[in-house]
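**Student:** Here is what each chain is made of, one letter per residue.
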Amino acid sequence: MLYFVARRLVSALSVVLATLIATFALFFIAPTDPAAAICGERNCTQQRYEEITKNLHLDRPKVEQFADYTIGIFVGRDFTTSGVTQHCAAPCLGFSFKNDRPVTELIGSRFPVTLSLVLGYAVLVLTIGVFVGSMAAKRRGSLGDRALMTSTLVVSSVPYYIVALMVALYLTIVYPILPRGEWTPPSENFGKFIAGLLTPWLVLGVYNCTSYARYSRGSMVETLSEDYIRTARAKGLSDRVVTYKHALRSGLIPVVTIFGLDIAGSLGGAIFTERIFDLPGLGQLVLDSLNNYDLPVIMGTVLVASVIIVAMNFLVDIGYSLIDPRVRLS
Amino acid sequence: MSIGSPDSTVGVEEHPASAEPVRTAATPHGKSPSRIAFDRLRKDKVAVICASIVLFFVLVAILAPLLAKLEGQDISTFNTQQIDEFGYPTIGITPDHWFGIEPKTGRDNFARWVYGARPSLIIAFLATVVGTAIGVVMGLLAGFLGGWVDRVISWLIDFVLSLPFLLFAIALVPIVESLRGGSFNLTPEDQANIRFYVLIFVLAFFGWAGLARIIRGEVLSLREREFVLAAKAIGVPTYQVLFKELLPNLVAPIVISASLAVPAYVTAEAGLSFLGVGLVEPKPSWGQTIAVATNWYKADPLYLWLPVIGITALVLALALLGDAIRDAFDPKTRR
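Top to bottom, those sequences are chains A and B.
According to full-length UniProt numbering, the residues represented by the first sequence are 1 to 330, in order.
According to full-length UniProt numbering, the residues represented by the second sequence are 1 to 335, in order.
These are calculated hints, taken from the structure and not from any lab test.
Do not take every clue at face value.
Unchecked claim - Across the chosen pairs, the derived CB separations fall in these ranges:
id, chain 1, residue 1, chain 2, residue 2, range
1, A, N99, B, K69, 48 to 54 Å
2, A, N99, B, R42, 40 to 46 Å
3, B, W148, A, T257, 25 to 31 Å
4, A, L202, B, R42, 39 to 45 Å
5, A, P61, B, E281, 49 to 55 Å
6, A, R146, B, E226, 37 to 43 Å
Cβ atoms here follow ideal geometry from the backbone N, Cα and C, with glycine treated the same way.
Model the full assembly from the supplied sequences, consistent with the hints where possible.
**Tutor:** This is how it looks when you write it as structure tokens:
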């Protein structure tokens with residue numbers, strides 16, 4: 001087991017390192033003039049341009065710049081803008097010269113929004129998706145099952161952003177059945193916090209439920225045909241105990257794997273949802289940064305998102321091997 | 001999944017449990033598996049309807065200049081005299097403008113709609129071709145050669161699959177533009193062209209890894225089979241073993257993956273254009289029109305609904321067709 005964890009950890013770390021190098025190369029080596037790109041084309045004064053060049057040591061070799069950036073992540077570094085020196089505490093992911101703030105701070109200020117969005121979504125998708133899927137698996141082949149599976153296939157084939165956009169425009173504004181999406185910190189007004197996130201949660205949850213229902217149905221159908229389920233039935237256990245205690249536990253394993261990766265992906269910014277429902281999360285931060293060419297912010301967010309995915313991948317693998325020992329052998 | 005051309009199906013019949021006994025009895029001997037799958041597909045009503053919808057959009061895209069000429073309009077004429085001072089169009093559907101005109105600019109909606117089908121289909125198709133080609137080659141090499149080649153390619157697959165796709169796509173756009181001297185130094189046409197190629201590159205870059213992983217797995221089991229051993233024993237060169245012996249056995253996973261990739265790419269292209277990182281003016285594109293039309297949806301719902309219906313119908317038809325193709329090639333997954 002320890003060997004398995006160590007091997008997984010090494011491969012996860014190698015992917016993180018490669019992502020770091022790839023993003024650095026993308027942002028600091030590919031553009032012919034990173035200082036100009038970071039400074040931006042609008043209102044870039046000569047003084048600011050030189051400041052950025054000096055701050056990021058862009059006149060020194062690339063390897064040294066990369067070392068600076070990497071060391072900054074672990075111990076922090078200083079940036080001077082307009083004569084004022086700002087300390088960018090570890091983990092320092094660079095400095096946004098547009099906002100005069102360290103990137104980590106910007107990401108930190110947006111992360112709670114994305115996190116709240118994803119947590120509510122996770123609860124919805126797991127409960128409804130798995131419940132619907134296992135119900136369908138139990139009644140396999142019935143009219144209800146087939147109608148359900150066809151409708152989930154159709155719904156999940158429509159692009160997500162179209163569904164979200166239509167709900168946002170028509171169900172929250174034209175016919176205000178659902179509350180409009182907006183962000184209120186929960187510490188400020190909890191009721192408003194819930195109301196503002198309700199529609200995004202529902203749209204994300206119901207849309208993605210369809211694929212979860214199909215995954216869990218497929219996995220439950222397989223599990224329900226196993227010998228040990230027949231044994232459990234033969235012992236005279238009630239239908240409910242067999243389905244929800246014996247079958248669901250092992251039927252859920254593949255669903256949990258997909259769930260982990262899905263959540264990790266969304267934590268890097270549920271970009272469409274945030275854009276359409278006007279929630280100031282990580283995805284919105286990236287889009288804003290794109291509009292004013294704020295490359296350090298985009299780079300920092302890409303790094304954070306990749307690390308979240310790799311970490312979640314690692315956790316899912318470890319969790320999987322704990323539940324199912326056969327995984328460790330491969 | 002053991003599907004291959006007739007000369008390489010040694011051992012397939014050894015597993016009757018995975019084959020459909022009724023089907024083998026009903027199909028005459030000598031049909032290739034692709035042929036059998038195609039026959040199944042033709043009997044699938046949903047597949048036929050979806051294929052006709054897709055064909056309709058393909059025809060619209062190909063005949064876009066002709067259709068626009070038929071209407072007598074083009075995509076770039078500003079009919080400002082038909083726009084009031086607030087930017088609202090003063091005309092609705094007229095014999096001159098079949099779908100009305102755009103708010104603010106007054107360009108013809110019908111012409112922009114038929115031309116808008118083009119980038120969606122071209123980008124999705126090209127990205128699928130490039131991504132599939134890379135995926136197949138990488139998967140074949142990794143599975144067949146093994147050793148360090150396999151380790152490097154497998155690691156690359158893991159790496160690509162753990163990158164956040166949307167974020168990377170967004171990040172690549174300003175990078176590539178700054179390589180070309182920044183968006184402010186480019187003409188709109190140049191910028192639109194760059195975006196077009198960046199989109200294909202990004203979609204293919206993230207698309208090959210999934211298929212490569214599947215192909216690698218298939219090749220790992222195929223390379224131990226007798227026909228591969230026989231080919232190796234008589235001294236057939238490696239590339240011929242890969243492309244003449246192994247590739248025909250991989251038709252099913254390749255076709256399935258490609259047919260599911262196309263709708264995903266159409267969705268991604270329009271989604272990125274909607275976010276402002278895909279296609280830009282002056283290239284007409286549905287995703288970009290949707291983004292603009294969200295400002296006018298109350299005054300001019302048709303302007304919003306045209307591209308929405310276009311994308312929804314196209315993606316839905318492509319996705320359901322892809323699903324039907326998967327069922328036809330791999331009956332075990334049938335619901």
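**Student:** Find the hints from earlier in the document that the structure breaks and name them by number, from lowest to highest.
**Tutor:** 2, 5
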